[in-house]
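For the record, the sequence lines run as chains A and B. Numbering-wise, our numbering puts 164 at position 158 of the first sequence, and it's gapless, one number per residue. Numbering-wise, our numbering puts 518 at position 177 of the second sequence, and it's gapless, one number per residue.
Incorrect hints may appear among the rest.
To be verified - Computed from the model, here is a short list of chain B residues facing chain A with C-beta under 7 Å:
| hint | residue |
| --- | --- |
| 1 | A454 |
| 2 | F455 |
| 3 | L458 |
| 4 | P577 |
| 5 | N595 |
Unchecked claim - To list a few chain A residues with every Cβ distance to chain B over 10 Å, as calculated:
| hint | residue |
| --- | --- |
| 6 | D82 |
| 7 | T91 |
| 8 | K185 |
| 9 | N240 |
| 10 | V312 |
| 11 | P315 |
To be clear, the hints were calculated from the coordinates, so they are not data collected in a lab. Quick reminder that beta carbons are idealized off the backbone N, C-alpha and C, glycines included.
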Amino acid sequence: MLRFVLGRLVSLTLSLFVASVVIFLFVEVVPGDPAAYMLGLNAQEDTLEALREQLGLSGTLWERYSSWILGMLQGDFGTSYTYRTPVAEMIADRMWISLPLALYALALSTLIAFPAGIWAASKRGSLVDTGIMGLTQLGVAIPNFWFAMLMVLIFAINLRWFSAGGFAGWEAGFWPAMKSLTLPAIALALPQASILARVMRSSLLDTLGEDYIRTARAKGLTRAQALWRHALRNALIPVLTIIGLQFSFLIAGGIIIENVFYLPGLGRMIFQSIAARDLIVVESVVMLLVFAVILVNFAVDIAYAVVDPRLRVRA
Amino acid sequence: MRASRNLWLGGLLTAVFSLAAVISFAWVPYDVTKLDIGAKLLSPSWAHPLGTDHFGRDILSMIMVGARTSIAVAIVAVGIGMALGVPLGLAAAARKGSLLDEVIMRGNDLIFAFPSLLIAIMITAVFGASAVNAIIAIGIFNIPVFARLVRGAALSLWTRDFVLAARVSGKGPVRISAEHILPNVTNLLIVQGTIQFSLGILAEAALSYVGLGAQPPLPSWGRMLADAQTMFSFKPHLAIFPGLAILLTVLGLNLMGDGLRDLLDPRLRRAQR
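With the hints as constraints, model all of the structure from the sequences given.
Right under this line is the structure:
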């Protein structure tokens, strides 16, 4: 087990290193000098030089890379070119929208997918099964930002149950804030719930074909009892992996959905920074998100090995 | 029975949208580059079956021309993924366990670790928003998909007797991969290609929606939705039809992929999710 964890830890570090180099080089090749951009046309050469120094833009490629990484490790993400505020502060502010949104969507997706998948599997081949599978086909094919627009049309504009966009703010209280995240979370959760329900169903059907289920049935359990007591727990392993992987989709999907609902989260911040060529913000936010994704996948790998000892060998 | 129903329905939907794209080269109901402000924001009617947008452009015509963009972007993106992914997968399988294999597979893992849309956003942010950059961004993420698929399938083929026979007759790994392994993975490639094609259409729509895909003179479904953003509350048709076009195309491709999988290789039904 220790060897497995160490092995995964080495590959985690390696992925993070390569990812950071790729992201860094990406932003490096962009033409234009942010310092000149910030100071305008009449800037003196020595002021430019001083500002570059301050922004961490001087020195060799390697010096800039290492100062970026070392800064990030200490929680210093640099200074935004346009807002002139620390990027770390901007991220900390926006995180309180993006993270709850992703978790809310993850919770919804799981709450929808588990019953749907279990129901479909337990009634295999029936009308219920066909219906649920048909709905998941739709859910996978629907662009989530379009689904979001349709929901705005129905629930915000026609029924007036929700506001069409914006964020109430956590200071307005927990429920008003959650309410403004509800439509975005549903839009985000739907495609993921569809995928998850399909995985849940097929994984459950696979385990229902196992010998130990036949044994359980022979012992006198009904099909439902065998499903709940024996099949479900074993079917959960692939489902958990998919939930872990979905985290990365939720992050990327959240970026788009935040734009539909004008939520001031990390996604809006990325687009505003792109528009303003504020690449230090783009660079840091992307690195942070990639870091989160790689870390979650690492955690899933470890959890997987804890649950199923056979997988430790694969390290 | 069910397989062929999926295949028929999916094939039909795919055919309709491909045909719309092909026809649009020769004929569209209205010119999509001409603005007619007098006819702006019309609801669906006989003259404009799907209505008109805020510049008075016919939405049906724009959807037909937009199909071209979506299909072209997705085809090239899948092409990039196959052109690079398949040889990499074949090479990794032919040299199983070697340094080459290790490097290829670790590289794949790395690309998989990135949320694809995030990197697509980054590529278009840095190199500018354009259909070409969107293609590259989507294409890169297709490489590991095909590489992994081909490697997995090729590994089991390498243990088969006909490959052994080919080796005995003196063929090298390159010739065996090309002449014996590749023809046996084509079915898999067709099925996965269909799936990636539909994912490509969704990704292109999302990128265009946030303004990072196809740029203004080029009509695109995603951007039609972005343009509708401020107006769809009082003119829902602006958002409904382009969205339906995306949904039906993607649904068609997915159903076709499922149908093809059942048709070409029934054994895969259990293995694939």
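Restraint satisfaction for B/L458 [CB to CB of chain A, less than 7 Å]: Nearest chain A Cβ about 4 Å off; hint holds.
For the restraint on B/P577, tell me whether the closest CB of chain A is nearer than 7 Å. Nearest chain A Cβ about 6 Å off; hint holds.
Over 10 Å from every CB of chain B: does A/D82 meet that, or does the non-interface label fail? Label holds. Min Cβ-Cβ 21 Å, cutoff 10 Å.
Against chain A, run the beta carbon of B/N595 and see if the smallest gap drops under 7 Å. holds, 6 Å
Supplied contact hint for B/A454, tested at 7 Å Cβ to chain A: holds, 5 Å
Does the claim that A/K185 lies off the interface hold, with its Cβ farther than 10 Å from every Cβ of chain B? Non-interface label stands for A/K185: nearest chain B Cβ at 19 Å, farther than 10 Å.
Less than 7 Å between beta-carbons is the criterion; does B/F455 satisfy it with respect to chain A? holds, 6 Å
Minimum Cβ-Cβ distance from A/N240 to chain B exceeds 10 Å: About 16 Å separates A/N240 from the closest Cβ of chain B, which puts it past 10 Å; holds.
With 10 Å as the threshold, tell me whether A/V312 passes as away from chain B on beta-carbon distances. Non-interface label stands for A/V312: nearest chain B Cβ at 21 Å, farther than 10 Å.
Given as non-interface: A/T91, partner chain B, CB spacing beyond 10 Å: Since the minimum Cβ distance to chain B is about 20 Å, A/T91 lies beyond 10 Å and the statement holds.
Least C-beta distance between A/P315 and chain B, which was stated to exceed 10 Å: Holds, because the least Cβ-Cβ distance between A/P315 and chain B comes to about 23 Å, which exceeds 10 Å.
Comparing the model with each numbered hint stated earlier shows that all of them hold.
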